[in-house]
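K.L.:
These protein sequence lines map, in sequence, to chains A and B. 1 is the number of the first residue of the first sequence in the working numbering; add one for each residue after it. 346 is the number of the first residue of the second sequence in the working numbering; add one for each residue after it.
Incorrect hints may have been included.
[As the list claims (entries may be wrong)] Subject to a maximum C-alpha distance of 20 Å in a straight line, what follows is the list of computed SDA-like cross-link-like pairs (lysine to any residue):
#	chain 1	residue 1	chain 2	residue 2
1	A	Lys5	B	Gln420
2	A	Lys265	A	Lys311
3	B	Lys393	A	Gly330
4	A	Lys3	B	Pro418
5	B	Lys393	A	Ser332
6	A	Lys3	B	Ala419
7	B	Lys350	A	Val64
8	A	Lys5	B	Glu441
9	A	Lys144	B	Asn673
10	B	Lys348	A	Cys188
11	B	Lys489	A	Asn328
12	B	Lys350	A	Lys48
13	B	Lys489	B	Asp552
14	A	Lys48	B	Gly675
15	A	Lys144	B	Val670
16	B	Lys489	A	Thr324
17	B	Lys656	B	Ser522
18	A	Lys3	B	Asn474
19	B	Lys551	A	Ser97
20	B	Lys393	A	Gly204
21	A	Lys5	B	Ala419
22	A	Lys68	A	Ser97
23	A	Lys311	A	Cys188
24	A	Lys206	B	Lys350
25	B	Lys393	A	Asn328
26	A	Lys144	B	Thr669
27	A	Lys48	B	Glu674
28	A	Lys5	B	Gly471
29	A	Lys5	A	Ala193
30	A	Lys3	B	Asn673
31	B	Lys393	A	Glu329
32	A	Lys5	B	Lys393
33	A	Lys5	B	Ala470
34	B	Lys350	A	Ala74
35	A	Lys3	B	Gln420
36	A	Lys144	B	Gly675
Everything labelled a hint here was simulated from the structure, so no lab data went into it. Note that the structure is a prediction, hence the values are computed from the model and not measured.
2 protein chains.
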Amino acid sequence: MIKGKQSLSFTRTPYITSSGCVAGSKEAKGPLGKKIDMTNQDDLFGEKTWEAAESEMQKEACIVALGKAHVDPAQVRYLYGGDLLRQGIATTMGIESLQIPMFGLFGACSTSGEALALGAMSVAAGYGNYVLAVTSSHFGSAEKEFRFPLGYANQRPLSAQWTVTGSGAFLVGAEKSRLNTEGVRENCHVRIAGVTIGKIVDYGLKDSQNMGACMAPAAADTIQQNFEDFGRTANDYDRIFTGDLGQVGQTILLDIMNNRGYDLKDRHQDCGLIIYHRIKQDVHAGGSGCGCAAVTLSSYILPKIAKGEWKRVLFVPTGALMSTVSYNEGDSVPGIAHGIVLEHC
Amino acid sequence: MIKGKQSLSFTRTPYITSSGCVAGSKEAKGPLGKKIDMTNQDDLFGEKTWEAAESEMQKEACIVALGKAHVDPAQVRYLYGGDLLRQGIATTMGIESLQIPMFGLFGACSTSGEALALGAMSVAAGYGNYVLAVTSSHFGSAEKEFRFPLGYANQRPLSAQWTVTGSGAFLVGAEKSRLNTEGVRENCHVRIAGVTIGKIVDYGLKDSQNMGACMAPAAADTIQQNFEDFGRTANDYDRIFTGDLGQVGQTILLDIMNNRGYDLKDRHQDCGLIIYHRIKQDVHAGGSGCGCAAVTLSSYILPKIAKGEWKRVLFVPTGALMSTVSYNEGDSVPGIAHGIVLEHC
């Protein structure tokens with residue numbers, strides 16, 4: 001069960017029973033646009049505030065995930081959820097109506113990894129047949145939370161990333177099969193074989209507009225720890241995905257890993273570089289936000305694992321741990337990253 | 346393992362191996378002052394900002410808890426921690442130097458319950474021999490986060506509560522015994538027998554200066570659910586503690602429970618009414634904050650359970666889920682509460 005220093009492997013592996021993702025208008029025009037379950041041309045999602053729009057996305061993502069598996073909220077034992085906003089308010093207001101006993105999380109953009117890890121740990125321990133893991137981010141609410149209200153039209157440096165307007169929800173289940181739309185049981189083809197929980201890694205960087213650089217060392221540590229704990233090399237994974245390092249962070253990650261003797265170049269991809277046409281859509285270094293990794297996992301990564309195109313994938317959402325208060329007070333921006341081992345089955 | 350709708354009981358019960366608590370000058374003058382492990386007359390704890398002071402308290406609380414059990418941070422598998430500040434920054438900066446793989450949490454003032462529940466679930470599942478659960482709050486940082494900077498000297502209504510400057514850390518362990526200061530193994534006398542995870546409960550209240558009223562319905566639901574899930578009545582507990590309902594919230598809780606046919610009067614206590622001399626220290630409705638329940642648990646409740654004075658206690662930290670943005674945008678303030686069943690052993 002316990003693997004090495006920071007990892008767990010599950011003897012009774014939990015499955016990703018289903019997933020749902022919802023995103024905004026910019027994501028709809030990106031490379032994953034047609035693969036996302038629901039996109040909306042109205043980034044307010046019919047609501048009056050960015051925060052309420054984000055909550056609405058979370059609720060919809062959960063409902064889509066539950067709907068695909070024909071599972072009722074009352075059958076879901078626990079929900080693990082979080083977002084980027086202060087006091088996790090998008091999650092509170094978003095999932096309130098589902099009335100599932102809940103654990104609020106904060107791991108910055110690593111939250112989808114944190115939620116999936118805790119969900120898998122709960123199901124593997126027999127604490128429930130189903131749990132939900134959900135995260136979200138919204139460009140409008142994130143700019144307001146961390147930088148300036150959109151109306152200020154502030155300039156962004158080229159190292160900055162574009163917060164994804166999106167939410168992804170994952171139903172983690174104990175059973176290998178689920179009901180399909182015809183009411184027939186069919187197998188789920190993705191299991192969570194193990195997790196590697198990250199430590200806080202702080203290289204002393206203070207530039208909140210260069211989060212890729214702040215997070216890359218944490219991603220490197222978690223990936224290396226995963227290799228050591230499971231006795232693996234990069235070759236044991238068909239793909240290794242980080243959450244939202246972007247162009248700057250990816251370069252740093254590959255450099256750090258190279259210096260440590262690991263060559264990830266031919267199998268590393270970053271969700272922040274998948275979700276947008278980086279140059280054409282003018283997102284500078286790439287996408288970011290809790291929604292970035294979650295939407296990419298649901299719309300792009302899981303279907304390929306389910307089909308057997310990839311047999312084993314390491315999914316590593318990355319977070320930059322900061323607040324407006326911490327960086328205004330001169331603190332550094334440490335990073336954290338959690339690794340989820342996903343296998344075709 | 347699964348009990349009723351929202352609860353878990355542990356067959357291999359985890360133990361509270363040790364705990365540590367740290368608090369400020371006002372708490373030092375309160376009824377628990379002499380029982381708190383460390384108090385400081387300097388509420389800045391030698392730091393330059395309220396946030397850094399809060400982080401320092403968290404770190405010290407962890408170190409005290411670890412020290413009492415002669416356990417090194419490297420032996421702690423995972424840490425579950427959170428606080429009230431945006432993006433949980435007090436926790437990030439506080440526990441960074443311990444270098445324990447960590448899960449960041451947000452459950453407002455219910456976070457000590459959330460952290461203890463997840464800690465117990467992890468240890469009971471065999472995911473580690475030791476995990477740490479830690480939370481904190483600070484009067485200065487909370488006023489700045491939610492209300493006004495202290496220098497504004499803003500007026501508080503009588504329903505308002507006083508945020509506790511304090512932190513509590515709990516080492517949850519799989520072994521019944523621990524090393525004492527003489528290097529001899531002695532038994533731990535408190536075990537976590539079960540947990541009841543709360544749902545979000547929203548009665549539509551919008552007064553962020555009356556958090557007791559916002560949280561009381563959530564406390565009532567979790568307590569009632571605990572009774573139903575475990576097939577118990579109030580008489581099966583020697584004491585039932587809520588986290589920080591204060592005077593107003595306690596009255597509402599007892600009324601709601603009375604209407605539902607449960608009389609808690611002779612066994613309910615609220616940590617917010619224990620930690621201060623309410624009238625003499627002019628805290629209005631009582632204490633609040635993540636630190637309120639955590640410090641009271643560590644300094645007052647656990648020692649009495651360990652001595653066998655109380656055989657079984659239900660500990661129910663309560664949280665008001667809101668941010669300055671949510672209440673400025675007119676949202677209600679929903680509550681959440683998690684129940685931890687603590688038993689003498």
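K.L.:
Please go over all the hints and tell whether each is borne out by the structure.
P.N.:
Here is how each hint holds up against the structure:
no., hint, in the structure
1, Lys5(A) <-> Gln420(B), "10 Å, holds"
2, Lys265(A) <-> Lys311(A), "18 Å, holds"
3, Lys393(B) <-> Gly330(A), "11 Å, holds"
4, Lys3(A) <-> Pro418(B), "18 Å, holds"
5, Lys393(B) <-> Ser332(A), "15 Å, holds"
6, Lys3(A) <-> Ala419(B), "15 Å, holds"
7, Lys350(B) <-> Val64(A), "23 Å, violated"
8, Lys5(A) <-> Glu441(B), "17 Å, holds"
9, Lys144(A) <-> Asn673(B), "14 Å, holds"
10, Lys348(B) <-> Cys188(A), "27 Å, violated"
11, Lys489(B) <-> Asn328(A), "14 Å, holds"
12, Lys350(B) <-> Lys48(A), "35 Å, violated"
13, Lys489(B) <-> Asp552(B), "18 Å, holds"
14, Lys48(A) <-> Gly675(B), "11 Å, holds"
15, Lys144(A) <-> Val670(B), "10 Å, holds"
16, Lys489(B) <-> Thr324(A), "13 Å, holds"
17, Lys656(B) <-> Ser522(B), "18 Å, holds"
18, Lys3(A) <-> Asn474(B), "13 Å, holds"
19, Lys551(B) <-> Ser97(A), "17 Å, holds"
20, Lys393(B) <-> Gly204(A), "19 Å, holds"
21, Lys5(A) <-> Ala419(B), "9 Å, holds"
22, Lys68(A) <-> Ser97(A), "19 Å, holds"
23, Lys311(A) <-> Cys188(A), "14 Å, holds"
24, Lys206(A) <-> Lys350(B), "46 Å, violated"
25, Lys393(B) <-> Asn328(A), "13 Å, holds"
26, Lys144(A) <-> Thr669(B), "13 Å, holds"
27, Lys48(A) <-> Glu674(B), "9 Å, holds"
28, Lys5(A) <-> Gly471(B), "14 Å, holds"
29, Lys5(A) <-> Ala193(A), "17 Å, holds"
30, Lys3(A) <-> Asn673(B), "47 Å, violated"
31, Lys393(B) <-> Glu329(A), "9 Å, holds"
32, Lys5(A) <-> Lys393(B), "35 Å, violated"
33, Lys5(A) <-> Ala470(B), "17 Å, holds"
34, Lys350(B) <-> Ala74(A), "9 Å, holds"
35, Lys3(A) <-> Gln420(B), "14 Å, holds"
36, Lys144(A) <-> Gly675(B), "17 Å, holds"
Checked against the numbered hints given earlier, this structure breaks hints 7, 10, 12, 24, 30, 32; the rest are met.
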